[in-house]
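**Student:** Below are the chains, spelled out letter by letter.
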Amino acid sequence: MNITLAWTDWLALFGHFMTLSLLAVGGGISVVPGMHRFLVAEHAWLTDPQFGSSVALAQMAPGPNVLFVALMGWNVGLNAGGTAWALLGATLCLVGIVMPSSVLTLVATRWARRHRQHPGVRAFSLGLTPLVVGLLASTAWLLLGPGVGADTPWRYWLAGLVAVGVLWKTRVHLLWVMAAGALLGGIGWI
Amino acid sequence: MANLAVMLGDRYFGWRGAVAGLAGLFAIPALAGLALAIGYQSLTHLPEVQGAMRGLALVVSALILTTAIKLVPALSRHPGGRLFCALSGLSTVLCVVWLKWPLLWVLLLVGTASCLWTYRRLAAPAAKAGPHA
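Protein chains in written order, with this note's numbering: chain A, 1 to 190; chain B, 1 to 133.
Source of the hints: derived by calculation from the structure; they are not laboratory data. Any given hint might turn out to be false.
Label-pair distances were calculated between CB atoms; the ranges are [stated by the list, open to error]:
{"hint": "1", "chain 1": "B", "residue 1": "G14", "chain 2": "A", "residue 2": "L158", "range": "24 to 30 Å"}
{"hint": "2", "chain 1": "B", "residue 1": "T44", "chain 2": "A", "residue 2": "T4", "range": "40 to 46 Å"}
{"hint": "3", "chain 1": "A", "residue 1": "R114", "chain 2": "B", "residue 2": "E48", "range": "54 to 60 Å"}
{"hint": "4", "chain 1": "A", "residue 1": "V172", "chain 2": "B", "residue 2": "A123", "range": "40 to 46 Å"}
{"hint": "5", "chain 1": "B", "residue 1": "R82", "chain 2": "A", "residue 2": "P119", "range": "29 to 35 Å"}
{"hint": "6", "chain 1": "B", "residue 1": "A86", "chain 2": "A", "residue 2": "I187", "range": "21 to 27 Å"}
{"hint": "7", "chain 1": "A", "residue 1": "R114", "chain 2": "B", "residue 2": "L94", "range": "23 to 29 Å"}
{"hint": "8", "chain 1": "B", "residue 1": "K100", "chain 2": "A", "residue 2": "G15", "range": "30 to 36 Å"}
{"hint": "9", "chain 1": "B", "residue 1": "A35", "chain 2": "A", "residue 2": "G188", "range": "38 to 44 Å"}
{"hint": "10", "chain 1": "B", "residue 1": "A123", "chain 2": "A", "residue 2": "T4", "range": "50 to 56 Å"}
{"hint": "11", "chain 1": "A", "residue 1": "W7", "chain 2": "B", "residue 2": "R11", "range": "34 to 40 Å"}
Some residues of chain A that are not near chain B, with every Cβ distance over 12 Å (derived) [claimed, not checked]:
{"hint": "12", "residue": "I3"}
{"hint": "13", "residue": "T8"}
{"hint": "14", "residue": "E42"}
Short derived list, chain B residues pointing at chain A, Cβ under 7 Å [said to hold, decoys possible]:
{"hint": "15", "residue": "A23"}
{"hint": "16", "residue": "A27"}
{"hint": "17", "residue": "A30"}
{"hint": "18", "residue": "L36"}
{"hint": "19", "residue": "S42"}
{"hint": "20", "residue": "H45"}
{"hint": "21", "residue": "L46"}
{"hint": "22", "residue": "G51"}
{"hint": "23", "residue": "R54"}
{"hint": "24", "residue": "L56"}
{"hint": "25", "residue": "V97"}
{"hint": "26", "residue": "W105"}
{"hint": "27", "residue": "L107"}
{"hint": "28", "residue": "L108"}
{"hint": "29", "residue": "L109"}
{"hint": "30", "residue": "A124"}
Every residue, glycine too, gets a C-beta built ideally from N, C-alpha and C.
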């Protein structure tokens with residue numbers, strides 16, 4: 001896929017991730033729907049498979065979970081022309097998603113801790129908890145991709161349910177579950 | 001995790017510490033992630049690799065759903081009550097997945113309503129609170 005990005009587009013990318021950073025009440029993963037809307041649906045800077053694989057591959061890498069945004073930016077840059085652009089994209093997305101919330105953390109954490117018994121502060125954090133659950137569920141649905149629908153084989157849903165069960169109720173390491181999923185997908189069973 | 005690096009870096013070394021904490025936290029994992037992306041990119045034409053990615057994405061989706069499920073028990077003690085939590089969570093999914101609203105709208109609308117309702121219930125005397133409050 002080939003796209004052309006003007007410098008204003010790079011700026012828009014950076015700005016959008018900065019905005020999402022401030023909306024990330026449940027961590028970076030909770031604003032994945034916002035990223036999908038911007039990168040795939042609105043601008044078509046990433047294809048759906050590129051978007052999904054950015055999130056999925058990043059979960060295999062060590063380190064902070066929010067690194068998946070670097071892979072998104074990397075793929076946007078690759079689509080726009082090459083490795084140098086990819087590095088720019090990765091940097092813009094990562095700095096964009098980390099910086100505003102970090103500054104906010106720096107400024108607001110002490111204040112919020114001092115006032116954590118205040119009904120307003122409690123209502124803010126408690127009130128958003130059901131939204132976070134909803135946002136995470138939406139992200140999970142989005143990551144399945146557009147190819148999932150009524151004609152998806154039952155084995156796919158079964159494998160997904162088993163994965164939820166294993167990750168929820170057992171201590172099996174995530175990488176083993178991922179390896180099993182990749183294997184079943186690779187041999188064409190799901 | 002990123003916020004933790006910022007707070008610790010700031011506590012011990014000021015704002016420079018916060019920046020250094022972030023850079024140290026992200027540099028090596030970012031390289032590992034990019035290496036994975038480059039490796040995948042070079043093999044993506046193979047149908048087996050595409051299938052493996054489909055399976056991998058399913059597991060990652062399951063992982064995120066599990067994170068959501070693990071938050072649900074905390075909601076049963078929510079001052080807003082269970083019905084409110086279900087309504088708020090479901091309308092979030094509805095706005096995001098079905099209506100495809102921008103996140104800002106969702107947070108402004110559903111978020112503000114949820115926080116206001118929670119505030120009301122927190123401020124209400126215990127006697128007036130419902131059975132699940």
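**Student:** Honestly, do V172 (chain A) and A123 (chain B) meet the 40 to 46 Å range at C-beta?
**Tutor:** holds, 44 Å
**Student:** Restraint: L46 (chain B) near chain A, CB-CB cut 7 Å. Satisfied or not?
**Tutor:** At about 9 Å, which exceeds the 7 Å cut-off, the nearest Cβ of chain A leaves the hint on L46 (chain B) violated.
**Student:** Going by Cβ atoms, does T8 (chain A) stay more than 12 Å from chain B at every point?
**Tutor:** T8 (chain A) clear of chain B: closest Cβ-Cβ about 20 Å, beyond 12 Å.
**Student:** Taking the beta carbons of G14 (chain B) and L158 (chain A), is their distance inside 24 to 30 Å?
**Tutor:** With Cβ atoms ~53 Å apart, the hint is violated.
**Student:** Going by Cβ atoms only, is L107 (chain B) closer than 7 Å to chain A?
**Tutor:** holds, 6 Å
**Student:** How about A124 (chain B): closest beta carbon in chain A under 7 Å, or not?
**Tutor:** violated, 10 Å
**Student:** Can the suggested window of 30 to 36 Å be confirmed for the beta-carbon pair K100 (chain B) and G15 (chain A)?
**Tutor:** violated, 20 Å
**Student:** Less than 7 Å between beta-carbons is the criterion; does W105 (chain B) satisfy it with respect to chain A?
**Tutor:** At about 10 Å, which exceeds the 7 Å cut-off, the nearest Cβ of chain A leaves the hint on W105 (chain B) violated.
**Student:** Confirm or reject the claim that R82 (chain B) and P119 (chain A) have a C-beta distance inside 29 to 35 Å.
**Tutor:** Violated, at about 21 Å.
**Student:** Over 12 Å from every CB of chain B: does I3 (chain A) meet that, or does the non-interface label fail?
**Tutor:** Holds, since 16 Å exceeds 12 Å.
**Student:** Does the Cβ-Cβ separation between A123 (chain B) and T4 (chain A) fall within 50 to 56 Å?
**Tutor:** holds, 54 Å
**Student:** Let's test the interface hint: is any C-beta of chain A closer than 7 Å to that of A23 (chain B)?
**Tutor:** Constraint on A23 (chain B) not satisfied, violated at 10 Å.
Hints 1, 2, 5, 6, 7, 8, 9, 14, 15, 16, 19, 20, 21, 26, 28, 29 and 30 from the earlier list are contradicted by this structure; the remaining hints agree with it.
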